[in-house]
Each structure stands twice: as C-alpha cells, then as structure tokens.
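S.K.: Top line first, the protein sequences correspond to chains Z, L and C. Residue numbers for the first sequence, in our numbering: 1 to 170. Residue numbers for the second sequence, in our numbering: 171 to 574. Residue numbers for the third sequence, in our numbering: 575 to 691.
Rather than coming from a laboratory, the hints here were simulated on the basis of the structure. Each hint should be verified, as a subset may be incorrect.
Said to hold, decoys possible - Below, a list of computed lysine-lysine pairs in the DSSO-like style, where the Cα atoms sit at most 27 Å apart:
(1) C:Lys659 x L:Lys512
(2) L:Lys253 x C:Lys611
(3) L:Lys225 x L:Lys359
(4) L:Lys267 x L:Lys257
(5) L:Lys253 x L:Lys225
(6) L:Lys267 x L:Lys253
(7) L:Lys267 x C:Lys611
(8) C:Lys659 x L:Lys359
(9) L:Lys225 x L:Lys267
(10) L:Lys257 x C:Lys611
(11) L:Lys494 x C:Lys684
(12) C:Lys685 x L:Lys494
Claimed, not checked - Label pairs and their in silico Cβ distance ranges:
(13) Z:Gly161 x L:Gly194: 47 to 53 Å
(14) Z:Gln88 x L:Arg233: 54 to 60 Å
(15) Z:Pro130 x L:Gly188: 20 to 26 Å
(16) Z:Gly161 x L:Trp520: 47 to 53 Å
Unchecked claim - One side only, chain L facing chain Z, incomplete, derived with CB under 10 Å:
(17) Val175
(18) Phe177
(19) Ala202
(20) Leu203
(21) Ile206
(22) Ala207
(23) Asp232
(24) Leu234
(25) Val269
(26) Asn271
(27) Ile299
(28) Tyr305
(29) Ala311
(30) Leu315
(31) Val337
(32) Ile341
Source: prediction; values computed, not measured. In this text, a Cβ means the ideal position worked out from N, Cα and C, and glycines have one as well.
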Amino acid sequence: MIYPLQVVFILVSAVTLGAALMVVTTRNMVRAALWLVLALFGVAILFVLLEAGFFAVAQVIIYIGAIAILMIFAVMLTRRIAQDPGPQLNSTWPIAAVIALLVFGLIVFLVQVWDRAASLPPPLPQGFAPLQELGVALVSADRYLIPFEIASVLLLAALIGAIVVAWERK
Amino acid sequence: MSDPVTFVAKWLEAYLSGLGLASGWIAVIMAALGVIALGSAVLLLDILLVWVERKVVARFQDRLGPNRLGPFGLFQPIADVLKLLLKEDIIPQGADKFVYNLAPILALATVIMLWAVIPISATVAGSEINVGALYIVAVGALGTLSIIMAGWASNNKYALLGAFRMVAQMISYEVPMVIAILIPVILAKSMALTDIVESQTVWYIVLAPIAAIVFLIGAQAELGRAPFDLSEAESEIVAGYHIEYSGMKFGLFYAGELLHALTFGGLFATFFLGGWRGWGAETYPILGIGYFLIKSMFMYWVIMWIKYSFPRVRIDQMLNFCWKFLTPLILTVLSITAILDKLMSGLPYWAYVLGMLLSNLVILYFVYQAVGRYARRERQRVADPEKFRVNFPVKSTASPSHLP
Amino acid sequence: MSEYLPLVVLFILSTLVAAIAVALGHLFGPRRPTERKLQPYESGMTPFGPGTRRMPVRFYLVAVLFILFDIEVVFFIPWAVVYRKLGLFGFVEMLLFAGILEIAFVYAWKKGALEWE
Numbered sequence: 001m002i003y004p005l006q007v008v009f010i011l012v013s014a015v016t017l018g019a020a021l022m023v024v025t026t027r028n029m030v031r032a033a034l035w036l037v038l039a040l041f042g043v044a045i046l047f048v049l050l051e052a053g054f055f056a057v058a059q060v061i062i063y064i065g066a067i068a069i070l071m072i073f074a075v076m077l078t079r080r081i082a083q084d085p086g087p088q089l090n091s092t093w094p095i096a097a098v099i100a101l102l103v104f105g106l107i108v109f110l111v112q113v114w115d116r117a118a119s120l121p122p123p124l125p126q127g128f129a130p131l132q133e134l135g136v137a138l139v140s141a142d143r144y145l146i147p148f149e150i151a152s153v154l155l156l157a158a159l160i161g162a163i164v165v166a167w168e169r170k
Numbered sequence: 171m172s173d174p175v176t177f178v179a180k181w182l183e184a185y186l187s188g189l190g191l192a193s194g195w196i197a198v199i200m201a202a203l204g205v206i207a208l209g210s211a212v213l214l215l216d217i218l219l220v221w222v223e224r225k226v227v228a229r230f231q232d233r234l235g236p237n238r239l240g241p242f243g244l245f246q247p248i249a250d251v252l253k254l255l256l257k258e259d260i261i262p263q264g265a266d267k268f269v270y271n272l273a274p275i276l277a278l279a280t281v282i283m284l285w286a287v288i289p290i291s292a293t294v295a296g297s298e299i300n301v302g303a304l305y306i307v308a309v310g311a312l313g314t315l316s317i318i319m320a321g322w323a324s325n326n327k328y329a330l331l332g333a334f335r336m337v338a339q340m341i342s343y344e345v346p347m348v349i350a351i352l353i354p355v356i357l358a359k360s361m362a363l364t365d366i367v368e369s370q371t372v373w374y375i376v377l378a379p380i381a382a383i384v385f386l387i388g389a390q391a392e393l394g395r396a397p398f399d400l401s402e403a404e405s406e407i408v409a410g411y412h413i414e415y416s417g418m419k420f421g422l423f424y425a426g427e428l429l430h431a432l433t434f435g436g437l438f439a440t441f442f443l444g445g446w447r448g449w450g451a452e453t454y455p456i457l458g459i460g461y462f463l464i465k466s467m468f469m470y471w472v473i474m475w476i477k478y479s480f481p482r483v484r485i486d487q488m489l490n491f492c493w494k495f496l497t498p499l500i501l502t503v504l505s506i507t508a509i510l511d512k513l514m515s516g517l518p519y520w521a522y523v524l525g526m527l528l529s530n531l532v533i534l535y536f537v538y539q540a541v542g543r544y545a546r547r548e549r550q551r552v553a554d555p556e557k558f559r560v561n562f563p564v565k566s567t568a569s570p571s572h573l574p
Numbered sequence: 575m576s577e578y579l580p581l582v583v584l585f586i587l588s589t590l591v592a593a594i595a596v597a598l599g600h601l602f603g604p605r606r607p608t609e610r611k612l613q614p615y616e617s618g619m620t621p622f623g624p625g626t627r628r629m630p631v632r633f634y635l636v637a638v639l640f641i642l643f644d645i646e647v648v649f650f651i652p653w654a655v656v657y658r659k660l661g662l663f664g665f666v667e668m669l670l671f672a673g674i675l676e677i678a679f680v681y682a683w684k685k686g687a688l689e690w691e
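When you get a sec, could you build the whole thing from the sequences and use the hints?
M.R.: Written out as structure tokens, the structure is:
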C-alpha cells in the first residue's frame, strides 16, 4: 500500500538532497546559494509534512529570508564573484567520504535497533495547540528557558563578531 | 441564499461524493477548485489594477489618464497586456538564463500566494492555517529572493545595485513591520488571520494606531514605492533590478508590484480595519466580500496617495529612519501594549479599548515632540552648516569598486 | 495537514500561470537579436567591466542586523500568543531575552554600523 503522503515525502526528500548536492558541486557561488535556498525550502515542506507549521514558516523566514540573503550579500563582498574558485576537492576527500558513509551506516543501524522508530508515536491529544505549548515551554524554568536565553547571547556574540570583522577594520 | 459561496461549495461536495469518489480526493478537488476560483479572481483584479493605478496617478497629476479604449478607458489594460505580449523578448548577454526567467515568475507567484490566508468573508478564506501572520512574512521573504535573483541574473551593474538597495530596504523595514503585526497578534491572542478578524469587535486601528501607521510605512517600503523608491532612482540606476527585463517578463514584475500594493491594502484591512467585518456581514457573508474589497481598495488608494505626494529619500535617510526611529518606537509600543494588556485584562472591554487608545496617543504626543525637535535642529544645521561642522580626520578614499 | 493543501495547490497554480505568461511572451514576441541590443543597458554608454561587481560591506551588516531581529520576532510570536496566561515570570524572561538583543542593537548603533555616510 502506497500512501500519497509517502510519495510526496520521497519526492520532496529527493529534491532536497539533489539541491544540497548541487550546492557543493556548483562552481558559481551565487548559484550555489540559490540551490541552498531550494534545499532549505524542501526542509520547510518536510516540516509541513510533520504537521509542524510553525517550524516550516520559521524555516522559510530565518533560513531563506535572512540567512540565504546574508550569504548572497557575503558572496558579493568577495573579490571574484561567480568565477572559478579553484579545485572543489582536496586530497583528503576519500577519508571524508568513508567517514560520511560510516556515520550514515551508524544512523541506519541505530534506527533499526531503536524500537521506538518502528512504532508510531501516540496521536496528539484533542485540542493540543503546539504553538501555545511552545510559547509556554520557552519561558518555563523547567523546560527550555536556559537554551532560549542562551540563544539571545549567541545572537549578541554573532552581531559583535560581524561588526568587529567587517566594520572596524575600515 | 445568504451565503452563495458556501452553498456552491456544499453542492459541489455533495455532487462529487455522489460520483463515488473517496473523501481524500474530494478534499483535493475542492481545494483545487476553490483555489482556482480565488487565483482567477485575484488575477482578474490585477489586470483591472493597471487601469486603476493609471487613472489614479493621472488624477493626482491633474491629467485625465487612459480614456480612449472603452468606457472610461476600461479596456486599456487589455491593450497593455497585448502590447507586452508582442514585445521583443530580450535576454541580455552574460545573463544566467534560468535564474533570469525564474525571477519574474517567482515575483508574481509569491504575491498571489499571500492571498491564500487572507479571510475575504466570514466563510471564505483560502486556508485557515494557525500561523497566518508568520506565513505572510515567510512568503514575503521569497519575494525578496526574486528581486535579488533578477538583479544578479541580469548581469548589469545598475540592476545589481538596484536589487541590493531594494533588498536592504525590504529586510530593514520588515523588522518594524513584523513587530507591528505582533501587536494585533497580542490583542487577538492568535496568529490565524481569521481569528484576528473575528476578534475585532472594535477595529484594531483604534486600539493600536501607532502599529497601524508603522505597518503602513513598512508596507510602502516593502513595495519600493515613493518615498522609498530609491531602488529605481531613474537619475542614478535607471530602473533598478528589472532594468534588463522586457515584454511579458517586465509585465510580470509590474503586475506583481500592483497586486502587492493591493495585497498590502488587504493586509492592512485585515489587521487593523476589521477585514470583512461590517453591518450584516456575519449573517450575509456575501456583504463581507464587499466590505473587504472596499477597505482594501481604500488602503490601496492611500498607498498611491503617499506614493504620488512624497519626494524620494536618500539611502542613509531610509536606513536611519528605519533603524533609529521606527524600530525603537515599535519595540516601545509593543512592550507598553503587552504590559497594559496584562494590567487591564480585568476591566470591561470599553475601558480596555480606551486605555489602549490613550496610551497610544500619549506615545504619539511624545514622538511628535521629539521629531519636531529633531526637525528644528536639522533645519538649523542646513541653514548654518558652519556652526555644526565636525572636523573628521581625513580618511583614505575607498577603492573605486565600492559604489555607494 | 488539510489546511496546507490549498497553499500547495495555489503555489503550483500561480507558478504555472506566471510561467505560461512568460512562455506566451516568448512565443509571440519577435526575436531579432543584434550585438548592440544584447549588451547590458548602461544609459547608452558602452558597458565597461563585468556586470557583477563587489558590493559595499554595509549591506552585509544590515543583513546581520536583520537576522538578529528576525530571530527575535520568531521567538516573540509563540510567546505573544500565550503570554496572558504566563504571569510575571514569563514576561520578565522575554524582557531579558529582548534586553540582551537590544544590547547588540545599541552596540551596533554606537559603533556606527547604522551610518551610511
């Protein structure tokens, strides 16, 4: 039995992976950034398939609306835009490939062994509002308060870093 | 017969299930039909907007506007579309063909996508997703991308510079605009646009006038319309990011921009003017569509009014105004709204509304004073620059590749 | 899931309509390219240098600042929906979160990263 959603999932995953592959193989950097946008959009659709609408829109807003734009801006800062940036593989690529394959094998193995992966999780209770739940969890001391506050410190550090690197040397 | 849209939908659904289709497929077909109806209505409206825009501009500029083709020149947009179809299709040298062709498609498609979540009447809304307000921001982000794609793929300096200016402006003004959207979200306690409209027994423009003004300014900047049209400053960079586009591809950018303006009118109506709400709109949802269109068209007219009344700002003024004025202002308003909402949650609704309105008026008064002081100082500075001169240390000149 | 179905259909439909419009323009429009015509338009001058060139670093800083506020807003949203139920603690926490980001904003302002010159 093939479910329609399964077909959608496989198609979207294939597009996402293909786009991700294009990101690392395209020589033109702006095009690579645009492929990255497609890959990120695919991830957003995967979030929708998981019924996580908030994460889907957050993915598009932050990763496509902000980070992809930032990357294109950053590419435009470089000296040789859209030109051949040199060889794409260095001498250690076989080792990297082996490690990647090993990690992939390990993940497959773990999913096989882990019994919860084989069974479906119980359905969410009626009237469960994920967005409200998330809002409460973010500011509850026994849940995600610390990561939430640390996120702001991280952003602070990122901005200061950007200003120090890009601005002060002028 | 008070609600023909639901009536037709019910009838269709019954007809389809009568044919013996599975319920899943019926849902797909119903969604497709509903969306095709919505999309066609939006596109037809878009073609009409060409006439509306040209006619209104003409009136603002003391002209007559199109008046030859058909009654009141109503057939003018059809002639415009035909002309664009028959224009030469030029792809400039060195352009990235695929991206170049994709950009105008994305530019129009993202604008149409916005209409999916706007509730048009009590019973008609493309989709009632619970993250409606954020969905609008997300689709707007894709629109930003189409501009940068157009600018980059054209292989033209002016286009690239125009795209960068436009994108810098769009992402800057997105910040105060999104925070302004947060205030209706706080007042309605929901992010779904249908809930936001339904909770507006009193229009939110009364409860949050500052947020409404900031949203309008942000919309103007997102649209790249005067006074924020420096991405197409004719004397500097000709036409901005779509300089290399001709024929139908230019037409798509143009149609996208017009529709985007109406869409922002509709969003303003949804967030601050009660959307489809009006006398009798709940019992007769068909009236709601009319109310919604009237409000949207009015806001569209206001956006045009601003566009044709203000001169263009400089890029430093544009960024300063956003980051140093609008963003701090709207953050202040957001925190005050949040605190007041908490404090006044026990009060009767009329007192709550009055409190919100008064707090906004107080903030507005202080802002007015501060802006007045700033303007006086600025006028003095312009009148007597010697008095305000600061001796900067001489800087090394930037390399010529650094265009401002 | 079902509420996302119209979005998907509308996405496909609107892209299709726009693509058809481009294709029609391609079909009906004449094509008589000349070398002059295909050159990038630079107000009638002969174009010089490459069409894509380096951009000032200020654009990059605007984008960094935008990311900061973008993430702040995305965190604000779930909080704004529930915050009436949260009590004082939730409010102070959000104030702290926003406060730290405001420090970053003030830092950028004082460093002159907002000046365009």
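S.K.: A separate judgement is required for each hint: does it hold in the structure or not?
M.R.: Right, here's what the structure says about each hint:
1. A distance of roughly 9 Å separates the Cα atoms of C:Lys659 and L:Lys512; the hinted pair therefore holds under the 27 Å criterion.
2. Between L:Lys253 and C:Lys611 the CA atoms are separated by roughly 20 Å; this keeps the pair inside 27 Å, and the hint holds.
3. About 40 Å separates the Cα atoms of L:Lys225 and L:Lys359, which puts this hinted pair outside 27 Å; it is violated.
4. The suggested pairing of L:Lys267 with L:Lys257 holds, with an alpha-carbon distance near 18 Å, which does not exceed 27 Å.
5. Using a Cα cut-off of 27 Å, the hinted pair L:Lys253 and L:Lys225 holds, with the two alpha carbons roughly 19 Å apart.
6. Proximity of L:Lys267 to L:Lys253 is assessed by CA-CA distance (about 23 Å); at most 27 Å being required, the pair is judged to hold.
7. Of the pairs offered as hints, the one joining L:Lys267 and C:Lys611 holds, with about 16 Å between alpha carbons and a cut-off of 27 Å not exceeded.
8. Our distance criterion of 27 Å between C-alpha atoms is met by C:Lys659 and L:Lys359, whose separation comes to about 10 Å.
9. A distance of roughly 35 Å separates the Cα atoms of L:Lys225 and L:Lys267; the hinted pair therefore is violated under the 27 Å criterion.
10. About 14 Å separates the Cα atoms of L:Lys257 and C:Lys611, which keeps this hinted pair within 27 Å; it holds.
11. Of the pairs offered as hints, the one joining L:Lys494 and C:Lys684 holds, with about 11 Å between alpha carbons and a cut-off of 27 Å not exceeded.
12. With a C-alpha separation of about 13 Å, the suggested pairing of C:Lys685 with L:Lys494 holds against the 27 Å cut-off.
13. Range check, Z:Gly161 to L:Gly194: about 50 Å between beta-carbon atoms, so the 47 to 53 Å window is met.
14. At about 58 Å, the beta-carbon gap between Z:Gln88 and L:Arg233 stays in the expected band of 54 to 60 Å.
15. For Z:Pro130 and L:Gly188, the Cβ-Cβ distance of about 37 Å falls outside the hinted range of 20 to 26 Å, so the restraint is violated.
16. Between Z:Gly161 and L:Trp520 the beta carbon distance is about 50 Å. The supplied range of 47 to 53 Å therefore holds.
17. Interface restraint check: L:Val175 against chain Z, minimum CB-CB distance 25 Å, threshold 10 Å, status violated.
18. For L:Phe177, the interface hint is violated, the least distance from its beta-carbon to any beta-carbon of chain Z being 29 Å, above 10 Å.
19. The closest approach between the C-beta of L:Ala202 and any C-beta of chain Z is roughly 14 Å, which is over the 10 Å cut-off, so the hint fails.
20. Because the beta carbon of L:Leu203 sits about 18 Å from the nearest beta carbon in chain Z, more than 10 Å, this interface hint is broken.
21. Restraint check, L:Ile206 versus chain Z: the minimum CB separation of about 20 Å is more than 10 Å; hint violated.
22. At about 23 Å, the closest approach between the beta carbon of L:Ala207 and any beta carbon in chain Z exceeds 10 Å, and the interface hint on this residue is violated.
23. Contact between L:Asp232 and chain Z, as hinted, is not supported at the beta carbon level, the nearest pair being about 41 Å apart and thus beyond 10 Å.
24. With 10 Å as the threshold, the beta carbon of L:Leu234 stays out of range of chain Z, its nearest partner Cβ sitting at about 42 Å, so the hint is violated.
25. Among the interface hints, the one on L:Val269 holds; its C-beta lies about 7 Å from the nearest C-beta in chain Z, closer than the 10 Å criterion.
26. Annotation: L:Asn271 was flagged as interfacial toward chain Z, and the flag is violated, the nearest CB pair being 13 Å apart, outside 10 Å.
27. Hint status for L:Ile299: holds, given a least beta-carbon distance of 6 Å to chain Z, under 10 Å.
28. Taking 10 Å as the C-beta contact cut-off toward chain Z, the hint placing L:Tyr305 at the interface holds, the least distance being around 5 Å.
29. Restraint check, L:Ala311 versus chain Z: the minimum CB separation of about 3 Å is within 10 Å; hint holds.
30. Interface hint at L:Leu315: satisfied, since its Cβ lies 6 Å from the closest Cβ of chain Z, which is below the 10 Å cut-off.
31. Because the smallest distance between the Cβ of L:Val337 and any Cβ of chain Z comes to about 6 Å, under 10 Å, the interface hint for this residue holds.
32. Checking L:Ile341 against chain Z by beta carbon gives a least distance of about 6 Å; that is within 10 Å, so the hint holds.
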